[in-house]
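Engineer: Now for the letters of each chain:
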Amino acid sequence: MDLLTNILGAIATIILAFVVGMSYGGIVRKITARVHNRLGPPWYQNFIDAYKLFGKTTAIHHGWMQIMGPAFLMVSSVVTLMFVPVLNNGGWFTNLNFKGDLIFLLYLMVFGPLGMALGAGQTGNPNSAIGVTRGLSQMVGFEIPWVMALVALMIQFNTTTITGLMDVQQMSGTWLMFSSPFAFIAAVLAMLGMFRYSPFDIVGAPTELASGPVSENGGKFLFTMMSSGSIFSFVKLTLYVDLFMGGADNLIILLIKTFSIYMIPVLYGIVSPRYRTEQAIRFFWGWPLFFGILAILYAAIF
Amino acid sequence: MINDKNSQKIVDIIQNWARKHSIWVLAYGTGCGAIEIPPTMTSRYDAERLGVRGAATPRQADVLLVTGYLTTKTLKRVIRVYEQMQDPKFVIGFGSCTINGGMYYDSYNTIKLLDKYLPVDVYINGCMPRPEAVLAGFGKLQEIIAEGRANGAQKYKDNLEWYKANQKKIIPSLLTTDYNW
Amino acid sequence: MEIIYLIFILFLSGAIATFLLGKVSKRLRDIAFITTLVVPSVLFFTQINIGQTVDFSVLGIHLSWGITNFSYIFAYIVLGLGVLAGIYAVAAMKGKENLGFFFFNYILSIMAMMGILFSRDLISFFVFWEIMTWSSYLMVVFTGKDVQKVGIKYFIFSAIGAYAMLMAIVITYSLTGSMMISNLIFAFPDFEFGMQILIPVLLLIGFGVKSAMMPLHVWAVGSYSHSPMAYTAVFSGALSKMGIYGMIIVMAGLVSRIPEGYWFREVIAWMGAITAVGGTLWAVAQDDAKKMLAYSSVAQLGYIIIGIAIGTPLAMLASLFMAILHGMFKGTLFMAVGAIEKQTGTTNFTEVTGLIRKMPFTFLASLMSIIALAGIPPLGGFIGKWMLYESVIGSNHYLLIIVIFFSSTAAFLYCYKFLFGFFLGQEEKEWAHVKEAPAMMVVPMVILAIGTFIFGVFPGLILNPIDAGLQELGYAVTQGRYWEMSVLFNEWGDTVVLQPILYTILAVFVFFLAFVLTKNFKKTRYVSTKDISSSGEIPKEHENLTFSRGFFQPFLRSVEPLMRRKIDPYYNSFGRGMEAIFDFVRRIYTGNGQTYALYVVVFALLLLIFKDRLWG
Amino acid sequence: MKDIKAKLTEKIKASFDTVSEKDYNGNRLDFHVDVKIIPQILTFLKVNLGYIHLSHISCVDWLEEGEFEIIYILWSPVEKLKVFVRTRINREKPVLPNIDMIWRQANTYEREMREMFGIEIEGLEGAEEFLLEDWQEMPPMRRDFQTEEYAEKTFWSREGREDAIDVREEIIKRSREEIPDFAKKYSR
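First to last, the sequence lines map onto chains A, B, C and D. So in this note's numbering, spot 159 of the first sequence is number 159, and the numbers just go up one at a time. So in this note's numbering, spot 143 of the second sequence is number 143, and the numbers just go up one at a time. So in this note's numbering, spot 424 of the third sequence is number 424, and the numbers just go up one at a time. So in this note's numbering, spot 181 of the fourth sequence is number 181, and the numbers just go up one at a time.
Think of the hints as simulated: they come from the structure by calculation, not from any bench. Beta carbons are placed, not taken as given, at the ideal position from N, Cα and C, and that holds for glycine. Among the hints, erroneous ones may be present.
Claimed, not checked - Quick list of simulated restraints, FRET-style, between CB atoms: (1) C/ARG481 <-> A/PHE290: 55 to 61 Å; (2) C/PRO569 <-> A/ILE253: 43 to 49 Å; (3) A/VAL35 <-> B/ALA165: 50 to 56 Å; (4) D/GLU122 <-> A/TRP64: 52 to 58 Å; (5) C/ALA507 <-> A/PHE290: 55 to 61 Å; (6) B/TRP162 <-> A/TRP64: 48 to 54 Å; (7) B/GLU143 <-> A/TRP287: 37 to 43 Å.
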């Protein structure tokens, strides 16, 4: 493939991720409202919000690290997107799928939050720093079962790449959520924390922390964070679909699969109040850890 | 922002449409009016269907909702919050206290007319205004945003000295602002 | 004259000259100091050929000096960090008393480290090891403020390590009749089983002390945080790597050649893992930057030890790569802390905040080093971590990988704390006068930070010499199998291609900045950190809103069960027990002649009674 | 209860001679004392007689008599008795002894009294403003402070309100109904 096709494919992927992520966000707001017995905003509400934020002036900043914070986040989500296979056969969405593996991806995903945390730190708002410490603590919590699930997959199929694991599913015709169920359970429980819906929304808890790390960011900063957050959630969903649900052959199947897996944290979150930080960490070191160990034992024995 | 609807550019129309449908409210719950916000936002009246949503900090907010009376002390904070908000920004005066002092008309430390200190775009009358009235107020705000008439922030910028003089009259220690928008 | 001798003579004479010139002129002393560091380094990298040896004998014992491919890797760390930290030290220590002595010790420890790398026999190895220990001990107690306990701790542990090593050397000599390291390695598989276990254990105690392996790490935190920061960069960055150097020789040369080595390696790997986890958690709990970095060093050395213990080619690559990178980024971080200490007078996170606009270059260097430390691509730390993970997974250490992952995720916590504590947060009036550190301090930091960046994209630059060194230890060529210039492979052939990652990141950055920020950025202006949305309240000048106390308290409460066990109380109770024993022993010597006469009689009687048993 | 009150009065009178008491029904007993012995009598009540709780410090402006009356309300959880210690000070130069070394919480009341009535408290810590910010007029709780006049002068009324229609009368006029008796009482 030549460079132009690559670039066009990359842009198409970014647009797809942005649109899907934003729409999902709006649909989640709608669903939440329906569960509350409300009418709720239209599904495209997030687009309106994003456009409005983009149109707002950004009159002030607290220093260049605050400006770089959203940039880090955007870079991290876009670059991560480049490494996640969107469709089984690649095609236009191949991008850099074959140039990195899962461990690389895990670390790349940290790049953005770290930069974002630095940007939040520079604003000097104590709420931002508290939010960041909570987020980092929670990350240590859910990363353990998540990594255990991934390691279980890696040692079961002797590959560390996403494409490798997808090939395994294509070849055998069984989704990994059935052939290594414990890993799937551990990963799904870890996903609850990864998406930061309640009860794990301790980072940006609006009532306690005034939205935490983003509390000093408005206008274009907030727009950037919002859109990279949407792209990031698309990346995570696609990763889950690729790893456990056999990938997707076309966009329709991709949407169905991602949406169905997205409903797990959303529906769990709607009816849950918020945890404290210790409770959140201990949650992940309870049953999820147990299932992670089971997954590794399962993978080691079979 | 442009006053006349006919002279709005197409970009402005789109942007105003977006602003109209995405109102992030910073409720400054100074007085008794704060209690009317929860029913407005929750399932009975569901303001979110209009795109109205709470904002946590002034940096993210579009609308400053001053719910009730303002003492000189709280006015100082409200002015600071207003100045921290990013353009375009609107103010809703909520309850009769913000219009004529309400039941605190003869208090030594409660302002009577918010409009002298901050540019109010929409007043919601009542003591207290019920959620229906609040929704009507949001509707009015949406209407004037769409028409491009919600130019309170511009008014504040143009008449900054007048506003500052008024504010300084009752709050002499108000920090000389370092905002120049 | 052999160039090897010349290097050591230059080091020694330079050290003495610096010390003496310190009495005459400060400027001359500084020049002599830097010259003494630079000239031998240039000589070393230009004139020394690998494999070139000099042989001589002292008191009839055959000694041999020479550099090998393997020790050449460590020479990069020692000399590179030594020279840069030396330049930094000149500026950082300016105005301190007794500097001639400091520089003398500094050169001496660099020389000793080079000596260790040159030693091909155990005697000179041991002598240089002792010189290194002594010079670093003098550095630990250099500041003279409440260092007695710390110094004694370091001294005792070094002494234990030295005795263990000496014992191993004596045993080796009695078994092989030779002092050459190569002879030991050659003859080792033929030793009897007990010796095969004893010699590595004794040597590992010796090396483990220097590389701060659990449970021999107790000295490390105090010593790292009490020695002058200019030296700590070398202490943690290079000197601890001498322990790693020794460990690699033991693990690869000795342990891997015996069948029981597998279990031995497992034990060492788990000790490394516990070191990593413990070091990380304690680093998170610290409020003092020096102590935090000291614990972090312990944790990082734990990773390196894990790699060595696993011992597959990929793990060895990972360990050596991490050793070099750790020297670079931890050196930078210690230097940054030193710069902050020099400019503000404190290293406590709860006291210093908001230096980012005052010390931007220090921040930049720290940021890059922290990203490297956290192992985030595209900086160099990632390469080491990636290879370590792949090797651990590839060698089927399932639980080990979880422990490593836990500790490296928890490492993000203290990474953020370091950057936030010093540079971000509220800008305080108290630190308004602070200026950027002098150029002589900033430039070494920035050079090292840029180095981590370059090696993150082109790891082949380092992996090439490491590969050569590994071949010498008996590993096959790994180039093309595990790495290319900027491509990494794991055991199953999965790849990470580093260059496109960098280009993509840069492209998105540029695009982002061009698209979002330039359009409206002219109107955006800086406001002070007092202008925050604090519920409308205006923070007064003296009100510090920075969140810096109890930073990770919820997390620490969650991991509190893991941190409850500390090794120090055991050593303390051991020390108290020994005191009691010696106290009891002391009672035997009553000072009364009659009692001694009684002892003699009792002893004679015992001899009579047990005569048959003893000589029978 | 009578016994308790009598005993208490006796004890107080034994120690302080310039005290006059007034009894009320229920668990309340008033002492009128001179301002000079306020710290002593409060300490005595707290330390010796067990009136450990300071409920409130109140201030009344007797404009006509030219005096402020300060009332310290104490409570004993053992005897279940409220003791009001009343004192009067000159309105022109009001000076009061500081008692926040006896009860820490007295500090809050004293700062409020200082701001709202302009009473000087001897040796009170916390010189900064407490409730009012940037207040330049007469202390606002004094009775000769004209609140409505001040409010008219300082804060603008809404234009078009000059006629100041009484809402109740207007409503009634419009609905053509009689003013009910209870409403007449309140109408201007």
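Engineer: Each of the hints needs a verdict: does it hold here or not?
Structural biologist: Results for each hint:
One distance hint, 55 to 61 Å for the beta-carbon pair C/ARG481 and A/PHE290, is violated here, with the actual separation near 38 Å. Separated by about 60 Å at the C-beta atoms, C/PRO569 and A/ILE253 break the suggested range of 43 to 49 Å. At roughly 51 Å, the beta carbons of A/VAL35 and B/ALA165 sit within the given window of 50 to 56 Å. D/GLU122 and A/TRP64 have their C-beta atoms about 54 Å apart, which keeps the hinted 52 to 58 Å range intact.
Look at C/ALA507 against A/PHE290: about 43 Å separates their beta carbons, and that is not inside 55 to 61 Å. Separation of B/TRP162 from A/TRP64 is about 36 Å and departs from the stated range, judged on CB atoms against 48 to 54 Å. Here the CB-CB span from B/GLU143 to A/TRP287 is close to 53 Å, at odds with the stated 37 to 43 Å.
In the structure shown, a violation is registered for the earlier hints numbered 1, 2, 5, 6 and 7, in ascending order.
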